[in-house]
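Chains as they are written, first to last, in the working numbering: chain F, 1 to 833; chain L, 1001 to 1479.
One should not assume that every hint holds.
[As the list claims (entries may be wrong)] Taking CB as the label site, the calculated pair distances span: (1) F:Leu226 to L:Ser1292: 49 to 55 Å; (2) L:Pro1307 to F:Gly643: 52 to 58 Å; (3) F:Glu63 to L:Thr1098: 57 to 63 Å; (4) F:Ala551 to L:Asn1344: 37 to 43 Å.
FYI, nobody ran anything at the bench for these hints, they're computed from the structure. In this text, a Cβ means the ideal position worked out from N, Cα and C, and glycines have one as well.
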Amino acid sequence: MTLASLRLALLLFVGSIGLFVLHSGVVAGQDKKTDARGAVDDTEDAKKSHWSFRPLIRTEPPEAVNGVKARNAIDRFILARLEKDKLHASPEADRRILLRRLKFDLLGLPSTPQEIEAFLSDARPDAYEKLVESLLASPHYGERWARHWLDVVRFAESDGFETNLHRPNAWPYRDYVIGAFNSDKPYDRFILEQLAGDKLGADEATGFLVGGPYDRVKSPEIGLTLQQRTDELHDMVSTTSSVFLGLTIGCARCHDHKFDPVSQVDYYAISAMFAGVQHGERPVNDAHAADRRTKAAKLKTELAALDRAIAKAEPLAEPGGPAGRRAPVSTTENTERFTPVRAKFVRFTILATNNLEPCLDELEIFTAEAEPRNVALASLGTKASSSGDYPGAVIHKLEHINDGRYGNGRSWISNEMGKGWVQLELPQPQEIDRIIWGRDREGKFADRLALKYRIEVALESGMWRVVATSEDRALPGTKLPDSPLSRLLNRRAELARDLREVTQPAVAYIGKFTPPEPTHRLHRGDPMAKREKVKPASLASFGRRFELPEAAADQERRLALGKWIADPKNPLTARVIVNRLWQHHLGAGIVDTPSDFGLNGSQPTHPELLDWLAMELIDNGWRLKHIHRLIVTSATYRQAATGNAKAEAVDAGNRLWWRYPARRLEAEPLRDAILFVSGKLDLRMGGPGFDLFEPNANYVKVYTPKKAFGPQEWRRMIYQSKPRMQLDDTFGAFDCPDGGQITPKRNRSTTPLQALNLLNSPFMLQQAEFFAERLKKEAGSEPKDQARLGFLLAFGREPTLQERAAAVALIREHGAVIFCRALFNASEFLYVS
Amino acid sequence: MNHRPCTLTRRHFLAQSTMGIGGLALAWLLNQEKLLGDEPTRPELEQRSFDLLPKRPHFKPRARAMISMFMQGGPSHIDLFDPKPVMARHDGQTFPGTIQYDNAAEASAKVLHSPWRFCKHGQAGIELSELLPGLAEISDEICLVRSMRTGVNNHGQSINAMNTSRILNGRPALGSWLTYGLGSESQNLPAYVVLADPVSHPVLGVDNWSNGWLPSLYQGTVVRSQEPRILNLDPPAHMRGQSQERYLEFLESLNREHLRQRPGELDLEARIATYELAARMQTAAREALDISNESAAVKSLYGIDEPATAEFGTRCLIARRLVERGVRFVQICTRNQFWDHHGNIRNALPASCRYVDTGSAALVKDLKNHGLLDSTVVHWGGEMGRLPVVQNERNVGRDHNTHGFSMWLAGGGFKGGIAYGATDEFGHRAVENIVNHYDYHATLLHLFGLDHRRLVYRRNGQEATLTDNQTARVVSEIV
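If we strip away everything but chain F, and leave its shape as in the complex, we get (with noise of 0.2 Å):
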């Protein structure tokens, strides 16, 4: 292994160790039993009975007195909590606060001026709550709390280790993440998908089990690829327990878990099911493939109706005709129309290309029928010569001359400079009218391509005739005249170019699959000491128990983890998924070790609200959104985020929520919003990511950030294609993952270097001016105006009199870019309270 595998692999390593989170102080940590040096009590005992390992209880919402009224039952955990230290929750935030909370907290952006005056004037009882319901039901939505998920299971884009190269096709399964939160996906299923998408319908789920960093240099030496492999299944069963469970079960890889119930043997269990998945690309049977398969049918009928309708539109090939009579010849497909005549031999002679040796990708000969047939297919019999081949290429070979597949990489090339002929000998004669040809069906290339040649057919070997030359044609670059053909040709290469994409077999980096190798304990963790033989099963010492034989299939190993995972009895599961969402929607979890609920995590603030949450979702279908919608419409939630000198004494952290947290935005729905009061965000969904950094084709992938952007960088951050530990130079400073580790938590800091790269910045400065061009074109000219709309776009409201006053000055002295580039700045815009 190389020094940075190496390096990558003790991170991974020590990074799973590296959950143990802080004991948050007064509220979480605060009855933990440690002694003076802050080790955890670790007594079987303790072990067993932890409090997440216990059942879920379904305790009552206790009856709370105070000040604030409850809305539903969070409601009445959390006063009555804050009532046991004295304290009262703050009342509800203004309605213009809500909205921008919301929008930002569930769609993760900011809101129109047209909604904000749409919801201030909204005098329905339940405003609010239909607010909740349109924000949930926006495809947006699934945009922004993937973004969360893709946070905890470490996707990124790019291999890691020193190599780091792209992966251009692990994009779908963040689009699967995507579509999961937009259709509610019941959570137990989005487990199970994610572990064995391949038996439910859904392969690109699967993505997330090879989610992480893989080291493609492999050692000749057999330790260190032992080593390597080992890494890889440990990046998975780390990731899968913290993310799923909460447990931190990648300790127990050299010797049974310091703090928790889980034993070396149980890691390898788990590893076990894990053994036959491997990183790479497999084909895609997405849940669109039936949906493929009726558009290619319907396509592949209008095509040939096409086809028909251009045979007779087509001019006649005039061997020795004048220039210009037909259009100039096409790299991707030609057609030559001839009166029909019987034919045994086709020959299609090259006098003269625009470079290189000539390459053909396809040869079809159609019969001059009603239904007309390609003949030249090798399946029919039909042989194929030529006057020579390209030397030593797989993909240039003559057999791919007719052998119904197109592009480069199936083509043929003639071994001279400029010439060669390619013959077809069809198994009987028939009557033909028509030959199509090209150099790449795929248009990816130019070269090589015939300029000049001469077709001939013949019933008898040496009876050649020409049925068609290069001579009638058009100049290469010649423009061809509006015509009913030329339509008819662009309806056909619009038409081919959707069937070439629908046919496409899809791939995606979403793991191999193959036969699972053998798993054993290694003494150590060390690949070379390999112990007893151990099959794939659940942990012992809590959920249901169950044992997979030696033998069994690697898919059954994944389906089984997952139905275990997604047991409602397992009492880690729902616990930890619903303390997550809590923590996006209120500032920290009620654990505050989101990834680590073991005995060196935090204790829950909450223990019965957590639980009540956690029966909710099992009992409402594991639905995410029926959670979220308890959150967002609770008074807890919709407290105004005002300071309380009295609180702060007791509860400074806010643990008890006797307010809503205020917070920075993180970087994506920063860099949203400011595309998005720019008047540039396209909102575009799905598919591959843009990419922030220059493109280069290094063995090493090099990754230097682009100085300029244009609107294939203006989507949201969230289809950013993004590499593993390389950081955007703006918004990277914002506490951005960097996919080299799984991030539960972010961190949120506040440094000079923000300021700067918001200030100065090439792609906020670019922005700040489309921002003004904005405020110009849609409040003209009158600087009050503009003052005005941008305070409204930035910040959701009107500018005081004394701030239009100082932002006219500001606007006349020295122009409405340097106006907007201060709103962009301004503590309001980049805070949600």
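Add chain L to chain F, keeping to what the hints say.
Only chain L this time, still in chain F's reference frame:
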């Protein structure tokens, strides 16, 4: 600059400033120095505000600044600082005792005697490995501690112990505590600067310089290892001058008004402060990070004229320039697991030494030449040492050892030319004059004039300290 009275420095700066700092910021800058130790107990309900103005410590300080060269991964003390001649007799044989493996992947019990020679150096005669010729030249300046111990499993925990005094994540780093307690003597550079390695951050990444639950004002600011060392430092030319001033004024008035309606929001205060600092950094940071005016002799001293030593040497020189300009705490980080020599130690350890030895020794010499060594603590060390036995016989290396390891300190009140404490005869466990990580922290704070029990931050009704009620001792023998 850091020997002049602080107030004068700031006035001087303001007179020169062209960055258009608003009136409120001016008042803020001219605020009276706050006396941390003598501060009367404030009423419980008072809103707290935080700043980076210089604060008077509890008692007369010896040190005013610190440069920590953090050698992440665990340099092998047995091969560098702590000679064990007894091991020669056991080389290749089974270790006679119990070994405390930490993260043992390929552990064996076979003793590995150091393949490198040790010699006595300087008047004090401290024995050092041949791998550190630069350090040998300053051996009379250093205080070598051979009895460090954190005693916790693995890198992350031990890094936390060395950085934050506790093994758990999430607590404030040493640099955050120092800047919280003492503020900064420069109001136009970050108080706490991290000079990052060009390849990667150490294990735990940005948590190494996290403010934990202290206000984010006290977080370390990362300076890149390549130009531009700070991205986006300047506005474009057409936005400079008066328009920039008016712009910043307008922004500040927006932000102040926003804060006024949300009193006591620490994040918002910190954000305003970062904008002010960012504006001042535009001139100050460029000047401080630019080494082009340093003499050829100084550059050569740091090894900047040699490709193998230039990168680290440059960061060391920048560290001196920052301290000279009043920065309180500078951390120079090595890359991820730079010293984690589980394998191939025979080649990898000398390579790591070559990378840092010239620069780190030059830093001590140069600080002394500038009269800064007396008031600047220099620290060189990692989160652990290595075991006396072979790990992985096919590719010889050493495994982690947090039960006994070495580090060195210089300046700022540490005694020079001493080696303190000892490990057992195999270098496995610290046995004599053991220095735990929290003892080290208490000692450091002591040199800065701070009592580790009295440097408190109130949170959740409790008084939090760096050493967190551990039985820490000021190691008076070495100061």
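Against the structure shown, which of the earlier numbered hints fail to hold, in ascending order? Violated: none.
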